[in-house]
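J.: Sequence:
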Amino acid sequence: MATTPMIPPGAASNQPMDGMAGPTSAPPPPGTDMTGISFRDQLWLNTYPLDRNLVFDYFALSPFYDYSCNNEQLRLRAIHPLDISNLSKMTGMEFMLSEVLEPHLFVIRKQKRDGPEKVTPMLTYYILDGSIYQAPQLCNVFASRVGRALYHISKAFNTAASKLEKIGYVEPENESTVSSEAKAAKETIDFKEVKRLDHILASLQRKLPPAPPPPPFPEGYAPPAGEGEKSSDVQESEALASDPIIDQGPSKRTKF
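Residue 1 is where the sequence shown starts when you use the UniProt record's numbering, and the numbers rise one by one after that.
Take these hints with a grain of salt, some might be off.
[Claimed, not checked] Result set (DSSO-like, lysine-lysine): computed pairs, CA atoms no more than 27 Å apart in a straight line:
(1) K112 with K155
(2) K207 with K195
(3) K163 with K207
(4) K192 with K163
(5) K192 with K155
(6) K163 with K195
(7) K89 with K118
(8) K192 with K207
(9) K89 with K110
(10) K155 with K195
(11) K89 with K112
[Said to hold, decoys possible] Pair by pair, the computed Cβ-Cβ distance ranges are:
(12) P63 with F157: 51 to 59 Å
(13) A160 with T91: 54 to 62 Å
(14) P116 with A149: 38 to 46 Å
(15) A149 with A78: 49 to 57 Å
(16) P116 with P212: 53 to 61 Å
(17) R40 with P136: 15 to 23 Å
(18) S98 with E193: 47 to 55 Å
(19) S88 with A156: 49 to 57 Å
(20) A149 with L43: 18 to 26 Å
(21) P212 with C139: 33 to 41 Å
(22) K112 with L43: 28 to 36 Å
(23) P63 with A156: 38 to 46 Å
Just so you know, these hints were derived from the structure itself, not from any lab.
Note that the structure is predicted; figures quoted are calculated from it, not measured.
A virtual CB, placed ideally from N, CA and C, is assigned to each residue, including glycine.
Given only the sequences and the hints, what does the whole structure look like? Please build it.
T.: Shown next as structure tokens:
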């Protein structure tokens with residue numbers, strides 16, 4: 001199996017950049033949050049094919065690679081770094097090729113092996129069209145999506161509040177300089193918006209459960225017969241005033 005030359009640990013930090021002298025800053029240690037960077041070696045991609053046999057050698061060139069993993073020990077022994085028969089006999093950090101869609105997508109999972117059948121996933125990396133990225137963690141994805149949703153909900157409420165303020169706006173009596181055409185244009189009702197609002201309210205009403213029936217009157221309670229001339233507000237106030245549950249009070253209630 002043809003393999004690419006391996007870069008020893010720390011070699012990248014000791015190599016001077018073009019036009020500069022002295023060592024460069026070391027990349028962040030593997031395992032940290034490196035979702036803000038990506039890696040791509042166009043010279044390697046022009047020289048070697050990116051397939052399931054050589055993809056790990058390409059991944060080992062990136063700053064995401066951990067030289068203390070079990071795969072590196074297999075590489076030093078001239079064994080394929082993704083050989084599961086040898087990796088299952090070892091313990092510690094390792095990289096596994098979980099999903100492959102040659103030649104565009106490769107998903108590499110970093111995991112901790114405690115036994116032949118006991119592994120704990122740690123991080124996930126993916127190679128998309130030759131560029132290597134670290135996949136964000138699920139909690140960060142949820143936090144980002146929730147924050148974006150809250151932003152749009154807040155913006156929608158602000159827009160609705162501004163429209164409600166315009167609908168409830170009443171001009172002062174002393175403003176007589178406004179022309180009648182402007183008043184007529186402002187008082188024009190947009191029937192499309194009215195139909196749209198009715199449709200939204202009707203759909204919400206269909207989704208909501210029906211209102212529960214009112215609770216029955218207490219045993220022995222007869223609502224007072226109100227006079228026909230009394231308004232509904234007066235009748236409701238009299239019904240509340242003559243409620244036996246309220247009139248009994250804590251000291252008059254039946255004790256069991």
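J.: Does each hint hold? Answer for all of them.
T.: So, going through the hints one by one against the coordinates:
{"no.": "1", "hint": "K112 with K155", "verdict": "44 Å, violated"}
{"no.": "2", "hint": "K207 with K195", "verdict": "18 Å, holds"}
{"no.": "3", "hint": "K163 with K207", "verdict": "26 Å, holds"}
{"no.": "4", "hint": "K192 with K163", "verdict": "15 Å, holds"}
{"no.": "5", "hint": "K192 with K155", "verdict": "22 Å, holds"}
{"no.": "6", "hint": "K163 with K195", "verdict": "16 Å, holds"}
{"no.": "7", "hint": "K89 with K118", "verdict": "11 Å, holds"}
{"no.": "8", "hint": "K192 with K207", "verdict": "23 Å, holds"}
{"no.": "9", "hint": "K89 with K110", "verdict": "17 Å, holds"}
{"no.": "10", "hint": "K155 with K195", "verdict": "23 Å, holds"}
{"no.": "11", "hint": "K89 with K112", "verdict": "13 Å, holds"}
{"no.": "12", "hint": "P63 with F157: 51 to 59 Å", "verdict": "44 Å, violated"}
{"no.": "13", "hint": "A160 with T91: 54 to 62 Å", "verdict": "59 Å, holds"}
{"no.": "14", "hint": "P116 with A149: 38 to 46 Å", "verdict": "43 Å, holds"}
{"no.": "15", "hint": "A149 with A78: 49 to 57 Å", "verdict": "52 Å, holds"}
{"no.": "16", "hint": "P116 with P212: 53 to 61 Å", "verdict": "58 Å, holds"}
{"no.": "17", "hint": "R40 with P136: 15 to 23 Å", "verdict": "19 Å, holds"}
{"no.": "18", "hint": "S98 with E193: 47 to 55 Å", "verdict": "51 Å, holds"}
{"no.": "19", "hint": "S88 with A156: 49 to 57 Å", "verdict": "53 Å, holds"}
{"no.": "20", "hint": "A149 with L43: 18 to 26 Å", "verdict": "43 Å, violated"}
{"no.": "21", "hint": "P212 with C139: 33 to 41 Å", "verdict": "39 Å, holds"}
{"no.": "22", "hint": "K112 with L43: 28 to 36 Å", "verdict": "33 Å, holds"}
{"no.": "23", "hint": "P63 with A156: 38 to 46 Å", "verdict": "42 Å, holds"}
Against the hints set out earlier in the document, violations occur for numbers 1, 12 and 20.
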